[in-house]
Amino acid sequence: MRKLALNDEILLSVQQPARYIGNEMNAVMKDPDRVSIRFAMCFPDVYEIGMSHLGMQILYDMFNHREDVYCERVFSPWTDLDQQMRQQHIPLFALESQDPIRDFDFLGFTIQYEMCYTNILQVLDLSGIPLHATDRKEQDPLVIGGGPCAYNPEPLAPFFDLFYIGEGETQYDALFDLYKKIRTNSGSRWDFLKAAAQIPGIYVPAFYDVTYHEDGTIASFQPNQEGIPQSITKELVVNPDDAPYIENPIVPFIKVTQDRVVLEIQRGCIRGCRFCQAGNIYRPLREHSLEYLKKYAYQMLSCTGHEEISLSSLSSSDYTHLKELVTFLIEEFHGKGVNISLPSLRIDAFSLDVMSKVQDVKKSSLTFAPEAGTQRLRDVINKGLTEEVILKGAAEAFQGGWNRVKLYFMLGLPTETKEDIEGIALLAEKVAETFYDEVPKEKRHGKVQVTASSSFFVPKPFTPFQWASMCTQEEFLQRAYVVKDKFKEMKNKKSLKYSYHDADVTILEGVLARGDRKIAAVIEEAYHKGALYDSWSEHFKNEIWMQAFETCGVDIDFYTTRERKLDELFPWDFIDAGVTKEFLKREWLNAINEKETPNCRQHCSGCGARSFGGGVCFENQN
Amino acid sequence: MKFIGHLDMMRYFQKVMRRANVDIRYSEGFSPHQIMSFAAPLGVGITSRGEYVDIEVLSTDSSAKMLQQINDAMTEGVEALSYKKLPDSAEPAMAIVAAADYTLSFREGYEPSNWDDFITGLTTFIQKEQILIMKKTKKGEKETDIRPWIYQLEILPSHRIKMRVAAGSIANLKPELVLQAYFNNQNQELAKFALLIHRDEVYANCSQGDTPHFCPLEQLGEDIE
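Chains Z and G, in that order, are what the protein sequence lines are.
For the first sequence, our numbering gives the first residue as 739, with consecutive numbering after it.
For the second sequence, our numbering gives the first residue as 14, with consecutive numbering after it.
It is worth saying that the hints were derived from the structure and are not from the lab.
Ideal Cβ placement from N, Cα and C applies to all residues, glycine included.
Certain hints may be false.
Claimed, not checked - Here are the in silico distance ranges between beta carbons for each label pair: (1) Z:K1144 x G:E156: 48 to 54 Å; (2) G:E156 x Z:K768: 15 to 21 Å; (3) G:G42 x Z:E1070: 18 to 24 Å; (4) G:N218 x Z:R824: 38 to 44 Å; (5) G:Q201 x Z:K1144: 33 to 39 Å; (6) Z:T1058 x G:D74: 29 to 35 Å.
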């Protein structure tokens, strides 16, 4: 039997010990002595969150297909175990072999959201790896970061040896081959990093120097070594069917957030919503073929035994073969104890028909994401969803027997006025009215329930809103109060509900999202003062962060509310994400002018992603 | 495996059934679930080689073939030992469990200083007519006599204690409570992680009369050829 890193006393005294023991179905077991490279893949949050992440499972499966690589998993220990590990000096370990992380060749982080940054430091710290790349010795693991937050890696720059910009499927083989070659020739850490910086998509922060203007903005960002590329182009899979998907997903013992088979039907999005980072950095849209998806649906359901399958994409309704795929899933699996869940579908006759087949209409609710309260503001953000379409969808849904609707909004969007803010309540009211107009009294099953919720808008790099000024915490809350008050005035107020997110954590997210290298010191200071699990509202300690900004002399407003000039050099400008800065600038001006931009299938707007040579940019052009 | 709680173990078995292509029966409705019932929940931290689960199937292969299929779909640490057909009249396992065997030993560092004194004391102690302990109930604590629920206690070689105690829905005695009662009787505390507990077998009461006759649940079914 495997020896566990933690003894029974510890495992029986922490919550959910199954987070730390590995041995799940389809977890890969290899003899560590018989591989050349040991890779620890980390999702810096608790097991249940990390195990729900698709990208990590794709890379885990892919890496372990190589005989010379053993990829294992590691997650943030929950606060109870964190404490015991520090007290008893137990080094952080990987789930499969239970061996200490510090003995690995690589420690890779998938960085999915800004609020996990302190957890990255926790994982390094508990592993006994120096937090700063410059303090690491030859035998320390190479620390590599990837995922959407790597598109602005600067706030994390000092903590990482290298970053991988873009989709992981393409260059890891080259990186592993290079590592083996350099290690065989007794090359140093430095030799490896120098050579790795030549691999497309690889960014080694130590090889670049930043200078600043007096006002704090960036004056220059330059390589400090010979032969280091000036800019880094993101990596992507040009033809998604060529890339391997997950053949044997790991099946956790405990219930995780995503306790189902997840089928990624496409990457990228044609919509061009101006606030959305994913919609920009994953361009162009690339679809999987129906055959590919059918094959993996079978394979993954049979090797996991999951009782549910879900589709994943940014906008499933745009998938060309959606009808065929959904029909296939229903015919093949429904009625065999397999649930089919269909998130991110546009509400129309087709989706309602499908949903009535696979869900209990009385128990489920329908979701619309208008994002903004008025047509004017929806044009600003390029959310091509009109009030007419929403109300039509709602009417059809009500006639089909649904009576619960969820509406998602953002507050604090650029150019937002009182009218836009109040529009949230008015739109919710119109949805409720639609119910009473469309459904005759005798056919109503109970009351209609419209739940509106709003998050606060955070401008993200590589979006047209990267120039936008963000609201202060007070402004955010004020806007939420306006909405709340407006809801109270509505005639159907008893059928309406409104809730809004925390504002303080939003401000911090805003700083980290568009931060530069100066932010690293703040993250480190906050971590040392006890910030951890910042994405968990019960653990988020705003005072610690505010104190850290003050200690480090970093001005929050510089990163959030400041108006950025059109020609400002941003910390992330050295990355070429496919969408050009020219395009983003054009879109920013279109936003201010309330001008809509057509989606990729209607008309090409020349965003720059066509240069990758695939996807929607070349549809119907054979 | 001992760190996996009962509910998660049930989920684990549901997925095993699917992976192994067992033709299990599902309930009706929008979210059908497998017809499956566990005999006796196993507490976190306890190991076992005597767990039972009832399932209803629409069709089945031979016991040997099914066992193979099921074990191919298992992870290390859980193994199906037998696959038997129950008579149609069989009550659900959960309803008939009456007793269970456990082997207890002390975790390294927690052993009694003098083993011989300890077992002499323990064997004398359980001869008593009444063993009162404070048992936690929904309404607080209640004094309970656990003596009638201790059916057998035997000292095994290499510092192990084997006991048969009441299990199931009518009376259920956690084996560690017996030792705890003895320690309390000696004015000592049983340390939190002192015991390693292993369940050996789960029994039904097969007697029609007043004296119970315990037979392993295993005996209630027959092999499928």
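Okay, the hints, checked on the actual structure:
Distance hint check: the CB atoms of Z:K1144 and G:E156 are about 53 Å apart, consistent with the given range 48 to 54 Å. In this structure the hint that G:E156 and Z:K768 lie 15 to 21 Å apart at CB is violated, the actual value being about 55 Å. Remark: the range hint 18 to 24 Å for G:G42 to Z:E1070 is upheld by a beta-carbon distance near 20 Å. Checked against the hint of 38 to 44 Å, the pair G:N218 and Z:R824 fails, with Cβ atoms roughly 51 Å apart.
For the hinted restraint 33 to 39 Å between G:Q201 and Z:K1144, the CB-CB distance of approximately 58 Å leaves it violated. Roughly 42 Å separates the CB atoms of Z:T1058 and G:D74, a value that falls outside the hinted 29 to 35 Å.
Against the hints set out earlier in the document, violations occur for numbers 2, 4, 5 and 6.
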